[in-house]
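Enquirer: Sequence:
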Amino acid sequence: MSRFCLRQANVLDSAGEFSGPLDVVVEDGIVTAVRADAPTDAPSYDASGLFLLPGVFDCHDHLTMSTADALEALSTPLSQGVLEAARNARLTLEAGVTFVRDLGGLDRGVRDAIARGYVPGPRIQTSVVMLSPTGGHGDGFLAGAGLELSPLSLDYPGRPPIVVDGVEAMRRAVRELLRAGADWIKLATTGGLVSDFDQPLVAEFTPDEIAVAVSEARRRSRPVAAHAYGGDGLTNAVEAGARSIEHGGFLTEEQAALMAERGCWLVPTLAAMRDCLRFAQEGSFSPAQCEKVLSLGLEVGACVRIAKEYGVRLASGTDYITRRQHGRNLEELALMREAGLTPAEALLAATSGGAELCGVDDTYGRIAPGYVFDALVLDDDPGDLSCFHEPGVVRGVFKQGLAVVRHPRLDAGVLGEVG
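Counting along the sequence shown from 1, when you hit position 357 you're at 726 in my numbering, and nothing is skipped either side.
Derived from the structure by calculation, the hints contain no laboratory data.
Even glycine gets a Cβ: it sits at the ideal position worked out from N, Cα and C.
Take the hints with a grain of salt, since some may be wrong.
Said to hold, decoys possible - Label pairs and their calculated CB-CB ranges:
1) ASP406 with ASP438: 18 to 24 Å
2) SER653 with THR503: 23 to 29 Å
3) ARG541 with ALA439: 25 to 31 Å
4) ALA405 with VAL774: 25 to 31 Å
5) GLY486 with SER590: 25 to 31 Å
Starting from the given sequences, assemble the full structure and let the hints guide the process.
Expert: This is the structure we're talking about:
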């Protein structure tokens with residue numbers, strides 16, 4: 370359908386509320402009108418009683434990750450992993466996510482293949498890998514085998530480096546990532562929850578190393594995303610000019626005030642924090658990892674409440690790393706609402722907020738004239754967003770005007786034209 374009109378839908382507006390009934394006219398994938406009783410000779414479909422919102426942005430995902438089990442990862446052929454990444458991308462799109470910022474693991478080949486239509490998936494910006502110092506969050510060294518198994522990317526010919534130390538090594542690594550087609554530079558400025566050699570409140574890269582990464586990225590108009598749970602490593606990243614902090618699980622009021630002052634975003638990845646605690650309780654990680662996670666005293670959602678209080682901009686991201694997670698991305702909206710956002714604030718964080726963070730808010734993230742028609746369709750008002758905890762609530766998905774998940778109403782016949 371190159372031209373069509375969805376009649377009398379309830380449409381998410383710029384305030385995060387549903388307005389309607391409104392007609393949405395789409396031509397060649399672009400919204401041309403959003404108004405009541407829009408005159409058009411395009412084929413029209415009955416959307417009365419349906420709820421239409423922009424395609425969701427997942428601003429922190431790992432589409433190439435399907436397992437946290439090191440032995441399984443080592444035993445999986447690279448080609449199989451790529452094909453499973455394509456599956457993860459399809460499931461993510463069908464869940465209503467039309468734009469993904471992949472922060473480690475996915476290279477330009479998968480990004481560009483999806484853009485060319487070889488396989489279905491969301492639009493993608495990628496960091497290719499996450500840079501880490503020796504012994505840091507991204508250092509997947511296996512002492513017994515003497516091999517490197519990054520938690521985010523297996524080694525393959527042409528993959529840029531992951532472990533870097535020192536200012537000049539950082540400068541070269543960032544340049545190699547830019548050569549590899551990275552849209553973002555991602556740094557591990559603190560340790561993480563489940564990695565073996567580090568702690569989430571301990572700084573990793575030095576301020577000088579972070580500063581040179583930001584400087585090199587800016588010369589090529591690329592932003593920096595910083596994996597940071599708290600402590601000096603988070604502060605160092607904000608002061609150096611990182612555009613976003615990923616996780617921020619131990620964010621303080623002072624750090625939130627600094628982020629708001631510097632215009633630094635927070636992508637809290639509440640689903641990942643919750644799942645890490647759950648997996649540790651289930652014993653799904655190694656004994657040492659389980660003990661580490663459970664001993665931290667992490668309060669899922671606290672960072673969102675603090676960030677909101679100090680006016681930090683928020684975007685939605687899941688940080689999924691296993692095959693049983695992919696396709697459940699919209700649960701992050703429910704978790705952000707439960708953490709203290711209003712439904713409107715959570716919906717905007719996942720749509721227009723994500724678009725602004727990714728620098729595409731002039732084209733995506735809204736259902737308005739001139740914007741690309743990426744959208745999802747719900748049968749009912751999402752209300753307090755708790756419906757997003759359950760898969761299947763999204764009944765239709767559009768990507769650039771094409772119905773990638775076709776709502777039953779689109780097969781119910783065309784309404785009469787409105788002149």
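Enquirer: The structure should be examined with respect to each hint, and the outcome stated for every one.
Expert: Hints, verified against the model:
1. ASP406 with ASP438: 18 to 24 Å: Since ASP406 and ASP438 have Cβ atoms about 56 Å apart, the given range 18 to 24 Å is violated.
2. SER653 with THR503: 23 to 29 Å: holds (27 Å)
3. ARG541 with ALA439: 25 to 31 Å: With Cβ atoms ~28 Å apart, the hint holds.
4. ALA405 with VAL774: 25 to 31 Å: holds (27 Å)
5. GLY486 with SER590: 25 to 31 Å: holds (27 Å)
Violated hint for the displayed structure: number 1, the only one.
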